[in-house]
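Turn these sequences into a full structure, and let the hints steer you where they fit.
Number of protein chains: 2
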Amino acid sequence: MPIRIAVPKETVAGERRVAMVPDVAEKFTKAGVQIIMQRNAGDSSYFPDSDYDDIALVADAAEVYAQADVVLKVQPPTIDEIKLLPEGCIVISFMQPHREPDRIKALRDRNITALAMELVPRISRAQSMDALSSQASIAGYKGALMAADHAAQFFPMLTTAAGTIRPAKVLIIGAGVSGLQAIATVRRLGAMVEAYDVRKVTKEQVQSLGAKFLELNVDAASDGGYARELTEAEKHHERDMLANHVSAATAVITTAAIPGRVSPRLISTAMVERMRPGAVIIDLASEGGGNCELTKAGETVNHNGVIIHGPLNVPSMLPVHASEMYSRNLYNLLQIMIADGELKPDWEDEVLAGSTLTRAGKIMHEPTRKVVEGEQP
Amino acid sequence: MPIRIAVPKETVAGERRVAMVPDVAEKFTKAGVQIIMQRNAGDSSYFPDSDYDDIALVADAAEVYAQADVVLKVQPPTIDEIKLLPEGCIVISFMQPHREPDRIKALRDRNITALAMELVPRISRAQSMDALSSQASIAGYKGALMAADHAAQFFPMLTTAAGTIRPAKVLIIGAGVSGLQAIATVRRLGAMVEAYDVRKVTKEQVQSLGAKFLELNVDAASDGGYARELTEAEKHHERDMLANHVSAATAVITTAAIPGRVSPRLISTAMVERMRPGAVIIDLASEGGGNCELTKAGETVNHNGVIIHGPLNVPSMLPVHASEMYSRNLYNLLQIMIADGELKPDWEDEVLAGSTLTRAGKIMHEPTRKVVEGEQP
Numbered sequence: 001m002p003i004r005i006a007v008p009k010e011t012v013a014g015e016r017r018v019a020m021v022p023d024v025a026e027k028f029t030k031a032g033v034q035i036i037m038q039r040n041a042g043d044s045s046y047f048p049d050s051d052y053d054d055i056a057l058v059a060d061a062a063e064v065y066a067q068a069d070v071v072l073k074v075q076p077p078t079i080d081e082i083k084l085l086p087e088g089c090i091v092i093s094f095m096q097p098h099r100e101p102d103r104i105k106a107l108r109d110r111n112i113t114a115l116a117m118e119l120v121p122r123i124s125r126a127q128s129m130d131a132l133s134s135q136a137s138i139a140g141y142k143g144a145l146m147a148a149d150h151a152a153q154f155f156p157m158l159t160t161a162a163g164t165i166r167p168a169k170v171l172i173i174g175a176g177v178s179g180l181q182a183i184a185t186v187r188r189l190g191a192m193v194e195a196y197d198v199r200k201v202t203k204e205q206v207q208s209l210g211a212k213f214l215e216l217n218v219d220a221a222s223d224g225g226y227a228r229e230l231t232e233a234e235k236h237h238e239r240d241m242l243a244n245h246v247s248a249a250t251a252v253i254t255t256a257a258i259p260g261r262v263s264p265r266l267i268s269t270a271m272v273e274r275m276r277p278g279a280v281i282i283d284l285a286s287e288g289g290g291n292c293e294l295t296k297a298g299e300t301v302n303h304n305g306v307i308i309h310g311p312l313n314v315p316s317m318l319p320v321h322a323s324e325m326y327s328r329n330l331y332n333l334l335q336i337m338i339a340d341g342e343l344k345p346d347w348e349d350e351v352l353a354g355s356t357l358t359r360a361g362k363i364m365h366e367p368t369r370k371v372v373e374g375e376q377p
Numbered sequence: 378m379p380i381r382i383a384v385p386k387e388t389v390a391g392e393r394r395v396a397m398v399p400d401v402a403e404k405f406t407k408a409g410v411q412i413i414m415q416r417n418a419g420d421s422s423y424f425p426d427s428d429y430d431d432i433a434l435v436a437d438a439a440e441v442y443a444q445a446d447v448v449l450k451v452q453p454p455t456i457d458e459i460k461l462l463p464e465g466c467i468v469i470s471f472m473q474p475h476r477e478p479d480r481i482k483a484l485r486d487r488n489i490t491a492l493a494m495e496l497v498p499r500i501s502r503a504q505s506m507d508a509l510s511s512q513a514s515i516a517g518y519k520g521a522l523m524a525a526d527h528a529a530q531f532f533p534m535l536t537t538a539a540g541t542i543r544p545a546k547v548l549i550i551g552a553g554v555s556g557l558q559a560i561a562t563v564r565r566l567g568a569m570v571e572a573y574d575v576r577k578v579t580k581e582q583v584q585s586l587g588a589k590f591l592e593l594n595v596d597a598a599s600d601g602g603y604a605r606e607l608t609e610a611e612k613h614h615e616r617d618m619l620a621n622h623v624s625a626a627t628a629v630i631t632t633a634a635i636p637g638r639v640s641p642r643l644i645s646t647a648m649v650e651r652m653r654p655g656a657v658i659i660d661l662a663s664e665g666g667g668n669c670e671l672t673k674a675g676e677t678v679n680h681n682g683v684i685i686h687g688p689l690n691v692p693s694m695l696p697v698h699a700s701e702m703y704s705r706n707l708y709n710l711l712q713i714m715i716a717d718g719e720l721k722p723d724w725e726d727e728v729l730a731g732s733t734l735t736r737a738g739k740i741m742h743e744p745t746r747k748v749v750e751g752e753q754p
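From first to last, the protein sequence lines stand for chains B and F.
Residues in the first sequence are numbered from 1 upward in steps of one, following our numbering.
Residues in the second sequence are numbered from 378 upward in steps of one, following our numbering.
Hints in this document: simulated from the structure, not taken from any laboratory.
Every residue, glycine too, gets a C-beta built ideally from N, C-alpha and C.
Honestly, I wouldn't trust all of these hints.
In silico DSBU-like cross-links for lysine-lysine, where the CA-CA straight-line distance does not exceed 30 Å [to be verified]:
| hint | chain 1 | residue 1 | chain 2 | residue 2 |
| --- | --- | --- | --- | --- |
| 1 | B | K9 | B | K362 |
| 2 | F | K546 | F | K612 |
| 3 | F | K673 | F | K460 |
| 4 | B | K169 | B | K212 |
| 5 | B | K362 | B | K344 |
| 6 | F | K386 | F | K739 |
| 7 | F | K460 | B | K9 |
| 8 | B | K169 | F | K460 |
| 9 | F | K546 | B | K169 |
| 10 | F | K546 | B | K27 |
| 11 | F | K386 | B | K169 |
| 12 | F | K721 | F | K546 |
| 13 | B | K169 | B | K203 |
| 14 | B | K235 | B | K203 |
| 15 | B | K344 | B | K9 |
A partial selection of chain B residues facing chain F, derived with a Cβ cut-off under 8 Å [stated by the list, open to error]:
| hint | residue |
| --- | --- |
| 16 | K235 |
| 17 | H236 |
| 18 | R276 |
| 19 | G298 |
Set out below in structure tokens:
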């Protein structure tokens with residue numbers, strides 16, 4: 001029997017990605033894996049069914065799941081979807097392991113082996129499976145475009161017959177994967193960029209992209225590339241330092257997001273009120289409540305002429321490449337679980353052990369780590 | 378008596394520019410000119426009244442106009458506004474000289490001297506007054522951002538742990554001022570760019586920006602940098618050549634706009650239907666009906682997954698810099714009309730003679746030129 005991988009159509013509103021793109025499907029089928037995909041699963045990421053060769057297309061979700069050995073998804077399976085999963089199968093997707101404990105219990109109770117893409121360890125061997133990074137990179141690029149698009153002025157310097165236009169000043173807070181990609185993109189567009197991160201280790205990366213690194217007399221770098229939480233005194237100092245840079249900026253892009261935790265409030269209402277009308281804040285941390293006090297998740301707020309944009313599910317706005325990168329991450333993760341055409345996962349493997357949320361009727365992961373994302377505490 | 382320049386608030390819906398920015402107002406007042414401005418005229422371009430020093434602020438439009446020697450506007454004065462203008466005054470703005478003859482007659486009948494920014498001759502002495510160019514440059518930049526923002530994929534190449542993302546292919550049609558700025562901006566974002574213009578003289582400019590120039594065995598360059606109209610056979614040949622490049626593009630930006638005339642239809646429905654779902658067309662010529670057969674002015678059309686965006690008044694979307702550049706153009710034009718603190722225009726001057734729409738009870742400009750914009754016939 002070949003391994004059967006099922007790929008349903010995503011059901012969460014606004015989710016435009018698909019867990020399997022045609023290129024990756026082809027790699028699997030060439031390796032003898034059977035792909036069962038729900039009809040139109042790739043439509044909203046512009047991969048029509050006709051782009052997939054040699055796979056089984058099924059209309060009904062229940063049928064897609066019915067005989068699956070492995071289910072690949074983008075969004076966590078809902079309670080209803082979990083009921084459709086064959087007992088004992090493996091499901092791999094984002095799992096939001098810090099939210100909705102009922103979902104995790106439901107996975108456990110059906111004896112599902114659930115791997116959470118958020119939990120893939122950030123070690124070099126697993127880089128090619130790191131979906132948090134691949135999707136954060138897309139969010140950073142898109143965040144930079146949003147800033148340019150919402151701004152009332154040019155980003156690049158422009159020399160014209162009627163005089164010179166000065167380049168915009170853009171401040172980027174958080175120099176993790178998305179922050180660095182935002183810096184690179186804003187620099188490409190020709191703006192002057194300042195960037196800030198509590199982890200001094202990011203200084204060199206920021207500078208190598210042509211941005212100025214804002215210094216705080218604190219270093220909060222911590223274990224495994226993550227940042228520790230700042231003390232109250234340090235936070236106060238941080239806000240004081242940022243206030244002047246925020247008020248001078250044409251655009252601010254904030255990326256201090258921590259999956260499963262409330263985002264740190266780095267920009268207060270008072271700071272926004274010192275910005276010029278026409279300035280823009282793109283809050284890429286809005287999913288966790290936002291880095292700006294005025295952010296409303298999924299909305300665009302106009303506060304005295306300052307635009308505060310709080311987009312949700314940003315990677316989904318570039319569904320072609322977000323799906324491409326995500327499905328490659330899944331493919332690479334599955335490679336360490338397959339040998340001789342059969343599923344032979346070694347659950348002691350560091351990557352698999354770290355990623356496992358539920359297995360053998362047990363919850364394997366407890367949300368004990370205080371900080372799980374490399375952006376900011 | 379000092380020269381009195383009046384600047385009303387724009388009344389056309391969606392017009393966010395203002396004809397006088399604080400920097401330019403300061404230059405005028407330092408030269409002894411009196412500025413009378415309508416309250417909140419700069420608000421929608423983020424220049425609050427408090428940014429202007431030493432000017433008279435007046436609430437009512439009629440009062441603004443009442444004692445003006447010169448009126449500066451962005452959009453053409455409406456018939457109602459013309460009634461408010463003091464007889465014999467000078468008004469300078471965009472005039473859409475090919476549209477609404479009633480407006481032009483009304484200007485004549487009130488003995489207004491109307492200068493049309495569209496008619497400023499494209500000679501080197503008048504480059505700093507060339508508002509068509511300054512605003513086209515802004516439209517080209519914004520058009521490139523729109524293309525990147527509507528696209529379902531990355532523009533730059535991206536090398537990641539999970540593999541490489543190929544750069545997007547962008548086709549830009551028309552290599553006038555806006556087309557060249559679009560090329561430059563899309564190149565900055567890292568996409569591969571092809572560009573096409575009927576005027577072979579643009580080839581070198583296109584290539585110097587790092588784009589590939591598409592060749593047609595026709596050269597339609599004509600007098601004064603403008604292009605002649607193509608023959609039917611040439612048009613057929615042009616569409617055949619373009620069809621393959623359009624179908625392979627991630628994004629197409631069209632800039633073949635001709636003020637006062639219907640835009641040439643360069644992209645047919647059949648061509649759109651050969652594009653991949655998720656591809657984007659930004660039609661910067663939508664004001665004149667569009668370069669794409671499916672364009673709807675001011676709307677976004679989804680045709681089998683291809684997005685066709687037909688934005689109107691694009692410069693107004695970047696009101697800060699559009700106003701800044703436009704008001705500098707006006708300032709430079711006024712410089713040749715002012716001597717010793719007095720209005721002393723020499724109406725025989727090539728620039729003034731060329732720009733004059735009505736004067737001394739006569740219509741001075743007849744729309745005889747077949748092609749008035751440098752983009753495409």
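- prompt: So which hints don't hold here, by number, going up?
  reply: 3, 7, 8, 12, 16, 17, 19
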